[in-house]
Structures are given as C-alpha cells and as structure tokens.
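Assemble chain B onto chain A, guided by the hints.
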Amino acid sequence: MAIDQKELGQRLKRAREACGLTQEDVARHLETSRSTVAQMELGNRAVTGLELSRLAYLFGRDIRRFVAEDSTDGEEALVALFRLHPDISDQEEIVEALRMCTALGRELTNLEQILGIDRDIGTAAHYPKPSPKTKWESVKQGERIATEERRRLGLGMTPLPDLTGLLETQGIRTAQVTLPDDISGLTLIDPDIGPFIVANREHHILRRRFSYAHEYCHVLLDRERQGMISRAQDRDEFLEIRANAFAANFLMPEDGVRSFVHGLGKGRPSRLEAEIFDEEETVKIHARSAPGSQEIQFYDVVQLAHHFGVSWAAALYRLRALRLITQAELESLLEQDENGRGKELTRVLGLPEPDHTSARNEFKRRFVALALEAYRRDEISKAKLIEVVNMVDVGAREIERTLDDLGLDDEAVVVRLPGA
Amino acid sequence: MGGDGRTRIVITDANVLINMIHTKRLYLLGELHGFEFVVPDEVVAEVNVPEQAKAISRAIDAGHMERVSFKSTTDLELYTEHVQVVGKGEAACLAMAEVHGWYLASDERRRFLRLAEERLGPDRIMNTPGIYVLALRAGLMTIEQADADKQVLEKHKFKMRFKSFREVVGTVPTREKE
Numbered sequence: 011m012a013i014d015q016k017e018l019g020q021r022l023k024r025a026r027e028a029c030g031l032t033q034e035d036v037a038r039h040l041e042t043s044r045s046t047v048a049q050m051e052l053g054n055r056a057v058t059g060l061e062l063s064r065l066a067y068l069f070g071r072d073i074r075r076f077v078a079e080d081s082t083d084g085e086e087a088l089v090a091l092f093r094l095h096p097d098i099s100d101q102e103e104i105v106e107a108l109r110m111c112t113a114l115g116r117e118l119t120n121l122e123q124i125l126g127i128d129r130d131i132g133t134a135a136h137y138p139k140p141s142p143k144t145k146w147e148s149v150k151q152g153e154r155i156a157t158e159e160r161r162r163l164g165l166g167m168t169p170l171p172d173l174t175g176l177l178e179t180q181g182i183r184t185a186q187v188t189l190p191d192d193i194s195g196l197t198l199i200d201p202d203i204g205p206f207i208v209a210n211r212e213h214h215i216l217r218r219r220f221s222y223a224h225e226y227c228h229v230l231l232d233r234e235r236q237g238m239i240s241r242a243q244d245r246d247e248f249l250e251i252r253a254n255a256f257a258a259n260f261l262m263p264e265d266g267v268r269s270f271v272h273g274l275g276k277g278r279p280s281r282l283e284a285e286i287f288d289e290e291e292t293v294k295i296h297a298r299s300a301p302g303s304q305e306i307q308f309y310d311v312v313q314l315a316h317h318f319g320v321s322w323a324a325a326l327y328r329l330r331a332l333r334l335i336t337q338a339e340l341e342s343l344l345e346q347d348e349n350g351r352g353k354e355l356t357r358v359l360g361l362p363e364p365d366h367t368s369a370r371n372e373f374k375r376r377f378v379a380l381a382l383e384a385y386r387r388d389e390i391s392k393a394k395l396i397e398v399v400n401m402v403d404v405g406a407r408e409i410e411r412t413l414d415d416l417g418l419d420d421e422a423v424v425v426r427l428p429g430a
Numbered sequence: 353m354g355g356d357g358r359t360r361i362v363i364t365d366a367n368v369l370i371n372m373i374h375t376k377r378l379y380l381l382g383e384l385h386g387f388e389f390v391v392p393d394e395v396v397a398e399v400n401v402p403e404q405a406k407a408i409s410r411a412i413d414a415g416h417m418e419r420v421s422f423k424s425t426t427d428l429e430l431y432t433e434h435v436q437v438v439g440k441g442e443a444a445c446l447a448m449a450e451v452h453g454w455y456l457a458s459d460e461r462r463r464f465l466r467l468a469e470e471r472l473g474p475d476r477i478m479n480t481p482g483i484y485v486l487a488l489r490a491g492l493m494t495i496e497q498a499d500a501d502k503q504v505l506e507k508h509k510f511k512m513r514f515k516s517f518r519e520v521v522g523t524v525p526t527r528e529k530e
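Going down the list, the protein sequences come from chains A and B. Just so we're aligned: the first sequence equals residues 11 to 430 in my numbering. Just so we're aligned: the second sequence equals residues 353 to 530 in my numbering.
Because the hints were derived from the structure by calculation, they are not lab data. Some clues are possibly wrong.
Result set (DSS-like, lysine-lysine): computed pairs, CA atoms no more than 25 angstroms apart in a straight line [unchecked claim]:
#	chain 1	residue 1	chain 2	residue 2
1	B	K423	A	K23
2	A	K16	B	K423
3	A	K353	A	K276
4	B	K406	B	K509
5	B	K376	B	K511
6	B	K507	B	K376
Excised from the complex, chain A in its bound form (with noise of 0.2 angstroms):
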C-alpha cells in the first residue's frame, strides 16, 4: 500500500531541511515556484515522477525511500556530509559535485546489482581508534593503521599498481569525478552504496592515486562519519593528516623504501660500526661510507617515485619522514622538483610518463561499459542506457552510434496493435 500525499509531503520537507536547503533552493532546482513546493510539501499537490526524481538529485537519496512504506534505514551520505560539514551548503560548486557523486555511485551500485557484480561491502577492514589529539598522535596512528592494513592484506613491501583495483576487491567502489581544484577527494559511505570513494578527475594521476590511499583511511576508520571532504584548506586536522600519513605508508612502506634506496646503494649511515666475537673479546670494526656516497640525489627520487607510483614530492617527503634525507637535502631537492627536473630525468631514464590523459577516464569507461553491458543483456532499455552514460557526458548520438555498430540496435519491429 502506497504512502499517501501528505506523508510524502513530510517527507519532502524533512529531506530539503536535512540538507540545509530552503523551499526557494528547491523551487529554483524544479524550475517552479516557491508556493508550489510549499503546496508539494503539505501534500496538497501531487508529484510528478520528473520533480521527483530532481529532488532525489537534490537531496542525494534514492529516489524510492521517498515512497516506500518502511524508508528509514539510516542517514544518505549527502546529508551526513551536510552535517559534518554545515560551511559547504551555500557553495554551489561543491554541492552540486556532491549530487553528482551520491547519484553515480547510486546508479554504479544499481548496475552492479543489476548484473549481478557481488561486492560485499562488509569486506573492508575497521579499525575502531579514537580520535587523535595531537598530530604527532594523527601521524602515528595513520602509519600504524597503514602497516597493519598492507599486512592483512599480505601485501608485504611491494608497490601497488592497481590501487583502485584493491579497493574494489575490499568492496569499495571508486569514481573519478571533476570536483572543485581544492577538493582532492571524497568519502561517501551511504546504507544504500556502501563505501564509496571520488578522486578528482581533474588532478594527475599520481595524485589521484595518493588520494584513493587517502579516502581508504577515512572508510579504514572514519566509517561512521559516513563522510569525509578532503579539502586543502583542513589539511591541518586530525583526521586529515591521519589519512595522509597512512597515504604516504600505504603506497611507500618504510621497508620497500629502505630496500630499494638500498638497492641504490644508499641509505646508509656514514659510520658504519661492527662487533666481531672471537671467543675472548669482541673486535670493534669502523667503517666511513665515501663522502657523498650516501646523498640521494634527485635522480634517485624520480626512480623510487616511479617505482611506488607516487608524485617526486610524495616520495621526497617519504624520504625526509623516515629521516633518509635531512631538511637542507629535502629543500633542496624540492627545489629540483618545482625546476622541472624531473621531467627531464624521466625522459633520460628512460622510464614511462604515467598515462594521465587515459587514466582520468578510467571510472567513465568502466561506467559505460557496465550500462553497454546492462543493456545488451536485456536487463536495461535504451532510453535508461542513454540516462545513464549522459551522466558521464556520453552523448545520445554517440551511443546511439555505438549500438549501431555493435549491431545492438537493428531489430525490426512487428505490427502491434491493441486487443479490445
């Protein structure tokens, strides 16, 4: 038995007010007037299926908890998001970024399910810590979490290639989305999507990839927040620098660095010092390192960067945390880095320039594909694959085209006429 008018009025209204939104917001978003949406909210005026679905949108729910008899199974991510964050609701940009968000990962999650994809979103770890206090605290939380995640995870010392890759396999999902330049990454974990991760579409690759490690910590241990924005401007809470320093040993554990500076022939103290037992007494042996043998020099970063798939910075502020370069060699070779240097010594090294171009659209062509996929199977129409990819800004030609060529699209029809 369906809900009736009013009720899904108080609904409405209990929806716009959770995400901090008033009956003129919501008017302009309909493109009405703000006395309709007040006659909507009474439950004095029907809804259509089109306003309905706006409003989904507008307020990051799925669409038929607005309608269903028994709709209160816990809080959307958007409004959490709202709530933790009550600053963001009067800038647009981020807002709408945050629709976008809520509603890809609603309709990954329903052409997943649509296919039948299992992703058991009680998979990935929790790591139940309070709070920290202070950020040595935050730091050395993050680098333990870390090292006790890549052991779970058997992942020993070796880099991570296909990061985005391990987080699906712990029943994460991930998207690339273009956000707002000062936002890198998001966190949504919402009752209907499960954790579901947004790295900026716009930021290189090699950024992206610190941000996924970045957003990780967050479901890791932020899970009941249900949200996090990763701006720049809080880089200096808690939570933030927790996440990071769990970023940077995830991605570069303090052993795979030292093994592979090692493996460089660096890394080493200047003095080295031994005690050999000869069965009466112990012989000391000194031993000095050639001077400047042991300095990393910018060349180094490039390959150990290029080795972890992390920026020359990420891996240059790795160095100095592990205390393998000092503050005057990690200036100075930041310096390098802002110089361009290392553009010029990927190319000399011969090492691949990572794909950013491609990889950017990696999100938008596993999208498309599930929705290609969804329909060949009979399990979505045309109309609803068309809805779909426009969300990652595939045209209706275009696809249109693409079933065309994939001889998805030429099935002649039959004279149907209605019986009496």
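Here is chain B on its own, set in the frame of chain A:
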C-alpha cells in the same frame, strides 16, 4: 479526458511521438476514433530537439493529445521502481498505464517491451506500425502514403518486419476480430 467506456486511453512514449513527427503524422493521434492519446510530463521533458518539442507542444494545443501528470503516490511508487531499469518517460508511461488501466504506445523493443508485457499484458501495447494500421483501416490514409512514411522511418533507422503495409493492414488481427 475521455473514458466513456468505449474510448481507449493510450499513453504514448517518446519514440512513437518522434516517429510520427518524422513523418509529419502527429495529427493522426487525434483522428483515430475510439482512442485518446495522452503524453506524460516525463515524456514531454525528454524530447529535447527543439523542433520536435515544438511539434509536440503544437499537437497538445491542437487537441491531438493531452498532457497528463501523476495524480497519486500509487503511480509514483511504481515509477520509482521502473526507473531503475527503464527511462524516465518509459517509467512514467508504464506506471500510469498500470494504475489507470490505460493502453501503451511504444516502439521500444527488448527490456521495456518485456516489462510492459509483464505489467500490462500484450493486448494493451501498440506501436507506430500499429497506429498506421489503425489509420489505414479507418481510411485516414492510403497504403501508398503509409509505405512512403515507412521509407522515411527507415531512413531514421526504424525498421519494420514487412515490406508494405498492404501485407499487414488486413492480416494483423485485433482482439475485436478474434
């Protein structure tokens, strides 16, 4: 809206409207005796080629068809289920046809047709060729005109499984004849 017991209300999906626009026969929807064609807001919204949108608007103004909206949360609830697998316009057509016992005009095959058959049964579904057959039987056009339109539609990649309307005009049974 009609509903005198003999008039059948047909809720019309965008692909049928666009086909009738291609052949400049949208007016036929207002001339088929015993049928009243309606179009939901969701279908009107998804026709976004300006000339086609104008043609639909003109047809509504001329009374060839009537625009309809959801009236209850029952059809809205069905819409929210259908919209997971079909387009918004299709979902609206299907939900309203289900709730009000209307007929459905759609040229969609595959998933939407399957869902429509499950929900409405095969007797409450018609398509563009079906509308042409009804128009031919009603003497609203000639076979030659219908076949010329068939060629126009084929240029728009809408193919029919027969060469001429002559083959089907008298042979496709309606339930009334059975």
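Against the structure, the hints:
Between K423/B and K23/A the CA atoms are separated by roughly 19 angstroms; this keeps the pair inside 25 angstroms, and the hint holds. Only pairs whose Cα atoms come within 25 angstroms are accepted, and K16/A paired with K423/B is accepted, the gap being roughly 13 angstroms. Taken as a hint, the K353/A and K276/A pair is honoured in the structure, with Cα atoms around 23 angstroms apart against an allowance of 25 angstroms. Restraint check for K406/B and K509/B: the C-alpha separation of about 22 angstroms stays at or below 25 angstroms, so the hint holds.
About 18 angstroms separates the Cα atoms of K376/B and K511/B, which keeps this hinted pair within 25 angstroms; it holds. Straight-line distance between C-alpha atoms of K507/B and K376/B comes to about 14 angstroms, which keeps the hinted pair within the 25 angstroms bound.
In summary, the structure agrees with every hint in the numbered list given earlier.
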